Amino acid sequence: MKSLKLTVAALVASAAFAGVAVARDQVQIAGSSTVLPYAKIVAETFGETFPDFKTPIVESGGSSGGLKEFCKGVGPNTIDIANSSRPIKDSEVEACKAAGVTEIQEVKIGYDGIVFATDAGNADLKLEPKDLYQALAAEVVVDGKLVANPYKKWSEVNKDLPDVEIAAYIPGEKHGTREVFEEKILAHGCKDSGAQDVIKAAVADEKEQLSKCVAVRKDGLAVDIDGDYTETLARIAANKSGIGVFGLSFYENNADKLKVATVNGIVPSTETIASGEYPVSRPLFFYVKKAHLGVIPGLKEYVEFFTSDDMIGPDSPLAEYGLVAAPDAEREEIRKTFADGKIM
Amino acid sequence: MSQVSTSPSMTALGVTAKPERRDIGLGRRYAAERRFRLYGMAAIAFGLLFLFLLLFSVVSKGYTAFQQTMITIPVEFSAEIIDKDNERATNPQKLVSANYPVVARNALAKVLGVGEDDRAGLRAVNGMISDSVRVQFRNLVTTDPSIIGTTRTVTFLAHGDLDSAFKGQIDLAVPENNRKVSDKQVGWMNTLAESGALAKHFNTGLFTNGASSRPEAAGVGVAAIGSLYMMLIVLVLSLPIGVAASIYLEEFAPKNRFTDLIEVNINNLAAVPSIVYGLLGLAVFVNFAGFPRSAALVGGLVLTLMTLPTIIIATRAALKAVPPSIRSAALGLGASKMQTVFHHVLPLAMPGILTGTIIGLAHALGETAPLLLIGMVAFVADVPATPMDPATALPVQIYMWANEAERAFVERTSGAIIVLLIFLILMNVGAILLRRRFERRW
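Line by line, the protein sequences give chains P and F.
All the letters of the first sequence, read from the start, carry residue numbers 1 to 344 under my numbering.
All the letters of the second sequence, read from the start, carry residue numbers 345 to 786 under my numbering.
I should point out that these hints are in silico values taken from the structure, not numbers from a laboratory.
Please note that the accuracy of each hint is not assured.
Said to hold, decoys possible - Capping the alpha-carbon separation at 30 Å, the derived lysine-lysine pairs in DSS-like fashion look like this:
hint: 1; chain 1: F; residue 1: K511; chain 2: P; residue 2: K240
hint: 2; chain 1: F; residue 1: K405; chain 2: P; residue 2: K240
hint: 3; chain 1: P; residue 1: K145; chain 2: P; residue 2: K130
hint: 4; chain 1: F; residue 1: K454; chain 2: P; residue 2: K259
hint: 5; chain 1: P; residue 1: K240; chain 2: P; residue 2: K89
hint: 6; chain 1: P; residue 1: K200; chain 2: P; residue 2: K159
hint: 7; chain 1: P; residue 1: K257; chain 2: F; residue 2: K454
All values derive from a computational prediction rather than experimental measurement.
Whole structure, please, built from the sequences with the hints as guidance.
Structure, rendered in structure tokens:
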């Protein structure tokens with residue numbers, strides 16, 4: 001009898017709850033795992049600095065996952081901010097519009113460097129986009145002809161590189177980092193090694209030319225890592241001669257276990273990335289739903305707090321963690337764009 | 345041994361006539377049994393070995409998380425820094441926004457003898473202190489503003505990197521530039537440790553704090569409360585619904601194609617990947633019913649759906665195991681069907697039902713996948729006051745920490761696993777005790 005009564009009570013209770021949209025009193029954020037650590041630092045400091053507001057909730061889930069949630073619509077059941085390690089795509093803006101999210105504000109927070117690193121016990125490594133392309137591309141040019149990548153050792157690619165088997169742990173295709181790797185390394189390497197001309201001669205379609213240029217070999221020497229950088233770190237700990245792709249901040253936190261490679265002779269650091277000398281970097285963003293500004297308590301304050309120099313300036317906690325601060329004028333511009341309410 | 349037992353001369357005692365060769369294949373059958381026992385023991389040894397490896401790796405990495413490096417020094421709550429113009433009576437906001445980290449930094453710099461104009465030195469000192477002092481000192485001052493201007497001995501957290509160095513988790517042999525703590529800081533650390541100002545204390549923050557980007561201040565508090573809320577919701581909803589459904593199906597429902605279909609479906613649901621329940625929860629509870637994202641309530645409802653089939657199957661098995669003679673006897677004495685079930689069958693099936701429920705709950709406690717889609721795999725710093733507030737769960741906290749870059753999160757990940765394992769062990773021990781207590785033998 002007792003359990004029956006309980007069941008009825010539970011059913012009544014759940015029916016009473018149903019259909020009640022609850023007003024939300026804290027900011028909800030989702031998206032890129034690269035931006036996540038920065039957003040966490042800001043959210044936590046925000047909650048401490050403004051005791052009147054609750055600490056924002058920051059979900060992980062990747063740039064695409066976050067933007068998809070973001071574009072679900074407007075209202076307290078949808079998130080307010082999507083973190084992204086790449087600019088929003090036109091198709092995503094369209095999807096947002098279709099769901100009623102017509103006003104999106106873009107906020108750039110700074111730059112993130114992407115570094116190549118190997119186990120700390122190895123010799124110094126000097127990489128060029130050309131070498132990385134020759135070692136990791138699906139097809140390379142040998143004797144003026146495009147053939148399946150024949151190289152097995154780094155030294156076959158470039159005699160200055162170590163005489164070890166090629167083993168590279170690169171971000172999987174769901175990561176925003178992968179696009180940067182393709183664009184800044186493989187595409188450049190494709191051009192520098194002369195493969196681009198051969199591909200251009202063979203394929204007419206421009207899109208196909210590009211995708212051929214950035215195609216990664218699938219014979220097991222280049223391994224896609226779909227997890228986080230901790231997985232890449234574990235792979236390198238297991239295979240000491242492997243090379244992994246990391247975010248600058250992750251590398252800096254684990255610099256005692258890793259040795260970073262130079263690209264084009266430049267050592268990656270916040271300085272060389274800010275000055276643009278180090279070639280592999282990308283801007284980081286978050287996107288704000290304008291319709292939620294003034295509705296969700298603390299949202300406007302959070303964005304203003306995030307874009308203040310206390311957070312993204314050159315001497316801020318985010319810079320300390322590994323974010324490459326945007327130049328002074330650009331930060332001023334970022335704040336102005338948000339204050340003006342410029343939408344995409 | 346086999347030779348002895350199979351020898352015909354030994355078996356024939358010669359009293360009565362016996363059929364020839366009663367022992368055909370006896371040796372082979374004994375050998376088969378011995379082999380089978382060996383296989384069994386090997387299987388158990390294999391399992392134990394992996395259990396040991398798992399526990400060893402978790403405990404050896406995680407036990408240090410239960411201690412935290414803290415600094416105990418006299419701190420001057422200088423009015424100069426906290427409330428320069430003495431406006432705290434009129435403007436309470438002043439005490440909230442004061443620069444407390446500088447108070448802590450100056451105190452430590454004084455102990456270490458770092459001058460006020462040594463900027464690099466002060467920076468290095470600052471790097472030894474956790475940013476969590478801001479909140480800690482603010483709470484001290486706002487609860488008792490009279491401490492402004494006095495000097496108190498305060499214990500506060502050391503920075504996570506210093507904590508890792510003190511616990512020997514950072515290789516100090518690598519070049520100074522490649523690690524997070526400098527030689528200077530290590531020197532200071534050793535001086536402070538010798539004087540007793542820097543020491544390891546039991547880490548209560550690990551159990552009370554919420555998620556934090558600072559490893560030294562991060563804890564499983566929010567996750568544990570979130571898990572607790574979800575377990576309560578699962579228990580309150582799935583036990584009555586599951587038991588009622590199984591009693592009806594087992595005792596009252598007619599046996600026809602329709603109930604067969606239901607049975608197949610229930611067994612099927614028990615094997616559905618848990619992420620599917622997350623998708624369902626997102627569509628039904630968040631998007632349709634309008635429950636808040638990331639709330640423990642939604643998590644509890646999703647886990648209830650996931651646990652129900654397990655509880656129904658366990659309950660039906662327990663009801664089936666009650667001997668039919670009990671039912672016949674009750675019916676024979678004139679009890680109604682309902683009286684038979686609730687007075688006689690259900691009490692006897694109770695141990696089985698409770699065991700099934702607790703195993704279902706333990707399963708739900710360890711789930712992360714269904715929580716991913718309803719927004720509970722998240723950074724949540726505030727302690728949830730009700731199940732409607734955003735929360736996270738213990739296994740989610742483990743996952744989030746496993747992906748952190750800082751060294752100090754490595755031990756915390758294993759520490760959180762230990763906490764989760766202890767919860768699971770307690771639940772399973774509870775299941776065994778309940779079964780012992782209520783079990784009846786016929």
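Going through the hints against the structure:
1. A C-alpha spacing of about 26 Å is found between K511(F) and K240(P), which places the hinted pair at or below 30 Å, so the restraint holds.
2. Annotation: proposed proximity of K405(F) to K240(P) holds, straight-line Cα distance about 22 Å (limit 30 Å).
3. Our distance criterion of 30 Å between C-alpha atoms is met by K145(P) and K130(P), whose separation comes to about 17 Å.
4. Between K454(F) and K259(P) the alpha-carbon distance is near 37 Å, which puts this suggested pair outside the 30 Å criterion.
5. For the hint pairing K240(P) with K89(P), the CA-to-CA distance comes to about 38 Å; that exceeds 30 Å, so the pair is violated.
6. Between the alpha carbons of K200(P) and K159(P) the distance comes to roughly 28 Å, so the proposed pair stays at or under 30 Å and holds.
7. Proximity of K257(P) to K454(F) is assessed by CA-CA distance (about 34 Å); at most 30 Å being required, the pair is judged violated.
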